[in-house]
Amino acid sequence: MKVLLLGAGRSKRMKPITDKNFLNFLGKPLIEWQLELIKNAGLDEVVIVGGKHNLEKLVLCGKNLGIDVTVIEQKDLDAGMCGAVLAAKDKIGSEPVLIFSSNDVVEKSAFESVLTAFEAGEAEGYLLGKVVHTYFPGGYLEISEDGCIKNIVEKPEKGKEPSNLVNLVVHIHKDFAKLVSYLEKAKSDSDDLYEVALGNMINDGIKMKAVKYEGFWQPIKFPWHVNKVFKFLFENAEKTTSKSAQISKNAIIKGDVIIGENVKILEGATVNGPVYIGDGSVIATNALVRESNIGKNCVIGFSTEVARSFLGDDVWTHSNYIGDSVIGNNVSFGAGTVTGNLRLDEGEISVTGDNKKTPTGECKLGLITGDNVRVGINNSFMPGVKIGSDTFIGAGLVIAENIPAKSFVKGEVTLKITENKVDISKINRDEMKKKIK
Amino acid sequence: MKVLLLGAGRSKRMKPITDKNFLNFLGKPLIEWQLELIKNAGLDEVVIVGGKHNLEKLVLCGKNLGIDVTVIEQKDLDAGMCGAVLAAKDKIGSEPVLIFSSNDVVEKSAFESVLTAFEAGEAEGYLLGKVVHTYFPGGYLEISEDGCIKNIVEKPEKGKEPSNLVNLVVHIHKDFAKLVSYLEKAKSDSDDLYEVALGNMINDGIKMKAVKYEGFWQPIKFPWHVNKVFKFLFENAEKTTSKSAQISKNAIIKGDVIIGENVKILEGATVNGPVYIGDGSVIATNALVRESNIGKNCVIGFSTEVARSFLGDDVWTHSNYIGDSVIGNNVSFGAGTVTGNLRLDEGEISVTGDNKKTPTGECKLGLITGDNVRVGINNSFMPGVKIGSDTFIGAGLVIAENIPAKSFVKGEVTLKITENKVDISKINRDEMKKKIK
Amino acid sequence: MKVLLLGAGRSKRMKPITDKNFLNFLGKPLIEWQLELIKNAGLDEVVIVGGKHNLEKLVLCGKNLGIDVTVIEQKDLDAGMCGAVLAAKDKIGSEPVLIFSSNDVVEKSAFESVLTAFEAGEAEGYLLGKVVHTYFPGGYLEISEDGCIKNIVEKPEKGKEPSNLVNLVVHIHKDFAKLVSYLEKAKSDSDDLYEVALGNMINDGIKMKAVKYEGFWQPIKFPWHVNKVFKFLFENAEKTTSKSAQISKNAIIKGDVIIGENVKILEGATVNGPVYIGDGSVIATNALVRESNIGKNCVIGFSTEVARSFLGDDVWTHSNYIGDSVIGNNVSFGAGTVTGNLRLDEGEISVTGDNKKTPTGECKLGLITGDNVRVGINNSFMPGVKIGSDTFIGAGLVIAENIPAKSFVKGEVTLKITENKVDISKINRDEMKKKIK
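From first to last, the protein sequence lines are chains D, E and C. Residue numbers for the first sequence, in the numbering used here: 1 to 437. Residue numbers for the second sequence, in the numbering used here: 1 to 437. Residue numbers for the third sequence, in the numbering used here: 1 to 437.
So that you can see chain D by itself, here it is in the shape it has in the complex (with noise of 0.2 Å):
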């Protein structure tokens, strides 16, 4: 069987965040945990679906897995899930596939129970139905008695949820062409073409079955997605450290940690799992890094604390708090600059972007930059906000707003300079040592 792995998506939600499948998660970007999956799953034979922004990256995965990977184009990136699925027409004809999302991460047995339905049954299709136990805002399967898919009901309002089944794109087609066919004819005004397909399928009698799922599922759309994605990718990793790794006997490791090549683990620091520290990258004295994945090459400074954080590579630190933030590659902040990761009410923090509010559900959030960012010394951010690629920041300003690529920001200073009249030079140190002690 077949996989078409959909990854054209711009990742448009996950800004400045540029490319989500090339996130290195645990030192391997998120589209290399996919097809390990994939693989691990039994299946070898793959069709990516990219776009003009990452075709050539794509063409490079997989290759030391073993397994047949073919990349093709979406031209039409607007053209959304159906769009994507066409593009591979001419790569899959009247065979079955299974059609997954590179956006979710899902355990094997995801994969397993659809297989396992799909050689069981006589269905036309097989669509994972995720258990969910409060309300999530997706696509809910109506199930008639025998198992059977009614319909595929879009975001219905809370409280009218069909089932607790949500349409999670682990699916299986009997006949590929067939899909197709219909997807060809499917009309709709609004981005739901597959599902509109889908739905004209059942509408005429092709048989469609909910596999039922009650594993971990995290699609990542969001940047506070990436660390729900690294704790359970780590969970599940082998847990290993590097016998090049130095690590001071007066660091401190507690807690469960994979630990990259020639890191070094200075003394004083604690590292407090789960924790992931790529190849090459130094936690300095006295620094605490926890919950966190750090990248290659990264220099946690002095004093740093840098708590459920992604951090990518070539990202340096310097007494500064990083928390609840997703940071880029090649980033780095001046000592004394501290994320915001909570609001004063320590309410539910939202995040702009697309000229609106995205309600994050989360009440500690901190922040999210692009590649190639430079922050310079006591920078203040407030929960939440972005910074551009390839921007500078400048000294001891807030930053309550999100800042483009390619800016330069700096604040205004306004020294008011008198004369000093007081003469410390007289001022008996030691008398003063005296009176404070």
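Bear in mind the hints are in silico, worked out from the structure with no lab data behind them. Some clues are possibly wrong.
Just so you know, same-sequence chains aren't split out, so a pair can sit in one copy or run between any two.
Simulated pairs of lysine to aspartate or glutamate, EDC-like, Cα-Cα distance not exceeding 20 Å [unchecked claim]:
| id | residue 1 | residue 2 |
| --- | --- | --- |
| 1 | 406 | 419 |
| 2 | 187 | 154 |
| 3 | 410 | 195 |
| 4 | 91 | 68 |
| 5 | 228 | 112 |
| 6 | 421 | 345 |
| 7 | 249 | 267 |
| 8 | 416 | 345 |
| 9 | 212 | 104 |
| 10 | 207 | 142 |
| 11 | 108 | 214 |
| 12 | 406 | 345 |
| 13 | 410 | 192 |
| 14 | 254 | 267 |
For this one, chain D is given, so just place chains E and C on it according to the hints.
Structure of chains E and C alone, referenced to chain D:
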């Protein structure tokens, strides 16, 4: 003998601290410390004079001490000490009474001295005279050769003190009713009717004796008295570490400490006594606490220093310096926020309140806050600043003035954003590292 | 042989450092290091040329070395090296003299080479030629085949150097009186009369030999030279730790260190050599000092990092980052204040002085201060900024320009205070904690 405990003060000069009687020293309110002291001196019948603002809380006091506590209300709080004593008119008759102010923190020997003198002597009144070695702006006892008080001189000029004995309100009156009758007849334009009445008694030939006291005395009138009281109470308390406390083997405990139930002290933290840490508090990685009272359920976060400070319950800090400060309950400090506690000229710090400046006699004094305060990141507080309760402070601000209760304080942010013309992505980090190293 | 030690320079380019001769390296002023070097080369008769600004201090030098030091004054300090040498006219006759500038830090072998050449040879003068491998903007020695100097070429264009030997002022003149007579006749519009005189001597057939020198040479002209000199002097000094030093068993000492009398190094502190710590200094809890010279009676406070910096005596820091900086005597830094030491574009740092920008050749350079400076909390200094002596800096400021001596620098504080309508006292901290954890 009954004790008349004066506790109706409104703590005006303690603002934004609300009621000093209920400041928790080592987890116990000041008023309870005073009741315990009374009990330990062998007295077990106490009439507490309160005000409308604290009656409800006062009636709950002393329960577990096995002493008989009656709480009465002083209606007119402007009537001062005279009004407070008269409020007890119906509760105490023609019997001996020991009058004591909850404001004054003294040793048990203060009570013992005055009780011993009373038992041995034949005078009508016994006033504690604190022996002072430097000038103190209080009432001085003028003494005749036989140790009887000739006069009470209020705030004499420096150098013109009639003795080295300052009138400290640990007073025994043999016949409370007689005191009451004099109080009812006393006349004065200012707030000294009690002292006027004593003067009248002396003039009428009623014998009043001075009882010398060389022990500890600290009136608690201003916030900067709080830490001095803490140190005294701590010194005399039993030094215990709760069994439920979890102290990392990589934490350092120096000097005398009292550590409550379920306290956690994490790796790299240093606690340098005298330090009290209330139940449920966390001293996090690489934090330093010294000479301080930490209330219940506090978090002294990563790399924070708390020095010579008094923190109420539920105070959260994170990479801060809190020095010589008095912090209320339920207060948070964002990372990088610092309390200035020393003037640039290293001179005496004054605080502002009620439209006047009060010199504190201290060259080190930090921040004073009420309850329910949230402070953002990277703020700078000038020495001796007061923050009212229920207040939010933004980020990156310099707070050089008192902030009223229920305020939301923000700064003006003017960012100048221009195009960044440097292509930092081209910079070779490895070369950079070589240059730097 | 007499040594003529030129020490009259006014350290203009070192501003706000006052007199480099009296900068204490490893607790000893530079001029004493130079006298010791002279003594170790076997010379014990020194004439120091000083100026009005340092005569008094110079006469106290060399006392404990057992050498004969005469101090003379150069009246006209604008007369440069020529004027300095002529000032010694009455103290030195027709005898050999070794001229050495207190500005130049060299190895003992520099003296040995030139003395050996003098003893063996028949030339009238011997000039030390420092072998350089990259272009240096100094005077180059043009050499004939027999090793004699044909010419001194001042600052040749790069690539047009007449040799790889730079003229280093360790010069022997066989007959001082002859040199004087040429100096008195030399004429020039610029500050090169000494070199002009040497040229005239050569032109008149007086034989001058170049003595090759491959050892260490660091002129100390600009503040950023100070740490290079420290490292050299440290490397060659005996590494001792005073018995009276109290080093916590929880402190870390790495690399080579020199630790003075009564130094205290507290728990969690790291000292990462080369580091010199002067008598009476305290390295406090969780502080980090690396590659630095710390003067006497300094306090490197909690969680401070001092890296590659030179601190005078009585410098107090507290939760700071002091990097690549040169700090005078009696200076304090409030908590949270940070020296920026790297440009956002990571390029070469220039400093401003005398109305011009001087490129430093360094990509890391921090703060330069004079004496008696008090810096408040949470300030940010831009790389290469200079703070004059006797200056106060407020709080929360970004200092991006040089500050003259005797200044009081404040910022504009504009707080917007509105009513806080959130009732934070109602927020359940326990639920909050659960959400966060």
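> Checking against the hints above, which ones are violated?
Replying inline: 3, 5 and 13
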